[in-house]
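Whole structure, please, built from the sequences with the hints as guidance.
Residue numbers (numbering that gives the first Met the number 0), protein chains in the order written: chain A, 0 to 271; chain B, 0 to 271.
For the record, the hints were derived by calculation from the structure and aren't laboratory data.
There could be a bad hint or two in this list.
Remember, identical chains collapse to one label, so a pair may be satisfied in a single copy or spanning two.
[Said to hold, decoys possible] Pairs of lysine-lysine, DSSO-like flavour, derived with a Cα cap of 27 Å:
#1 Lys110 to Lys130
#2 Lys55 to Lys237
#3 Lys70 to Lys265
Protein chains: 2
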Amino acid sequence: MAVRPDNRPIGVFDSGLGGLTAVKELLTLLPGEDIVYLGDTGRVPYGTRSTETIIKYTEQAFAFLMGQNVKRIIVACGTVSSVALGKAKLPPVPVTGVVDVAAEAAVARTKNGKIGVLGTPATIASGAYEKRIAKLLPSAECFSVACPLFVPLVEAGRFQQGDKVVELVVSEYLEPLQNAGVDTVILGCTHYPLLADVIGAHMGSGVALINPGAEAVQFVASAQKKEGAADRPLGTAKYFVTDSVEGFALSAARFLQRPVAGSVTKIEIERG
Amino acid sequence: MAVRPDNRPIGVFDSGLGGLTAVKELLTLLPGEDIVYLGDTGRVPYGTRSTETIIKYTEQAFAFLMGQNVKRIIVACGTVSSVALGKAKLPPVPVTGVVDVAAEAAVARTKNGKIGVLGTPATIASGAYEKRIAKLLPSAECFSVACPLFVPLVEAGRFQQGDKVVELVVSEYLEPLQNAGVDTVILGCTHYPLLADVIGAHMGSGVALINPGAEAVQFVASAQKKEGAADRPLGTAKYFVTDSVEGFALSAARFLQRPVAGSVTKIEIERG
Chain A
0 MAVRPDNRPI GVFDSGLGGL TAVKELLTLL PGEDIVYLGD TGRVPYGTRS TETIIKYTEQ
60 AFAFLMGQNV KRIIVACGTV SSVALGKAKL PPVPVTGVVD VAAEAAVART KNGKIGVLGT
120 PATIASGAYE KRIAKLLPSA ECFSVACPLF VPLVEAGRFQ QGDKVVELVV SEYLEPLQNA
180 GVDTVILGCT HYPLLADVIG AHMGSGVALI NPGAEAVQFV ASAQKKEGAA DRPLGTAKYF
240 VTDSVEGFAL SAARFLQRPV AGSVTKIEIE RG
Chain B
0 MAVRPDNRPI GVFDSGLGGL TAVKELLTLL PGEDIVYLGD TGRVPYGTRS TETIIKYTEQ
60 AFAFLMGQNV KRIIVACGTV SSVALGKAKL PPVPVTGVVD VAAEAAVART KNGKIGVLGT
120 PATIASGAYE KRIAKLLPSA ECFSVACPLF VPLVEAGRFQ QGDKVVELVV SEYLEPLQNA
180 GVDTVILGCT HYPLLADVIG AHMGSGVALI NPGAEAVQFV ASAQKKEGAA DRPLGTAKYF
240 VTDSVEGFAL SAARFLQRPV AGSVTKIEIE RG
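If you want it as structure tokens, here you go:
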């Protein structure tokens, strides 16, 4: 009854480079897996775009990843997971978005049933986290805040404690969560784990922060026990982006929290 | 020797909706002209993308506008004007970018020869304003600041005096210009005129603020005296965007500073 190994790569799709926070977790938890990362850096950010456009871009991304022979796809992008996964045409391999796994983690963690959700305008407008949480724990109360300035701050390299602008914006966005007394906060966008120190300091140590990318990787690790993991000690990573690769290493290292090891290739995914 | 009227529309290209600050000037200064506006809202912002990608997007936009039979094109986008206009394949009609006209206006205005330039990271990295100013007034000194947080702030509807985040970010970005004692500041991105009140209050009334979109429209008005303007009293406007038109009216009115009058159509310009 041994599960046969499956050495095809795991695909990771994100609107940009933020999804590398999920790759960081993959490299740690499943080091034997090959990874194919697709970051749509030529069209990032998705969080302020329409549903229709996000669905189109997502289907193009799935088509590309299937061409790379992936065995499954992790959608690291909170916006795509919230807005497009119920509507886009799915590929013939398992797709794991971040919403379900993060909602499950938040429900498992909360003690007082009050859960905060931080996300892009598109993610919050979709109500995806709230709907999922309501199904899992009907008594839960969700408090959601759209945080349109978090991605630009992180992209500008500004997420350190003590940065006055960062501290001011974080305190503004978190105020309703603090007033509500939430004990769990979902960091509902790939970029937000980089702000975890500042957010954690504002919320206090009694509040659990949920990193959806890390939850998705844990889910995949668990699923692969039944479906077949790679049987090599160390996999390789291939990174594909839709904008120039110039500057990739610097930005990528910020999200990976380590230097990039793997090939980086610019591709076109617009047709389709 | 009378110049024959030319009733073909004027094309305006921008990466998003910020270029409507130029349309606002066109509607005021040249009300008889038909306008075809193209905002690449499905791929905005350009200011953090590579040169290669910005050139590709610009050529696609020119091809679309030529299909609309425009007699000339105003490139309202500071990033496109700075990064792509010297390199992209130009269409067979006059193209007016914002860099040359704004540099000329700044040189005409400055008394102490110290000019501040605010722009997106791509605009500032290009050095386009500085190079142009150096040609026009070799003794001028330029002080340039990349302002990656201005566009996200304006897009989030935050540009009012008294908004604590806006005031803090503006004071941070303007500090080097104040220390340098500039008497003229180029607002080198379509979004920045919306921050003119806050920027003006920080710089003081003795400092001239240059709005590149308004300068481009004045240049066109002047050129059309020789080339042929429309001979109708009131033109019409057509707006084309690459993302959904949902939410267009609200955002557009912010930049136009009036309600939108004209058709709004979603188009695809990706192939090409």
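Treating 27 Å as the Cα threshold, decide for lysine 110 and lysine 130: within, between, both or neither. Classified as within; 19 Å inside a copy, 61 Å across copies.
With 27 Å as the alpha-carbon cut-off, assign the pair lysine 55 and lysine 237 to within, between, both or neither. both (23 Å within a copy, 25 Å between copies)
Since the copies are identical, ignore which copy is meant and state whether lysine 70 and lysine 265 lie within 27 Å (CA to CA) inside a copy, between copies, both or neither. within (22 Å within a copy, 36 Å between copies)
In summary, the structure agrees with every hint in the numbered list given earlier.
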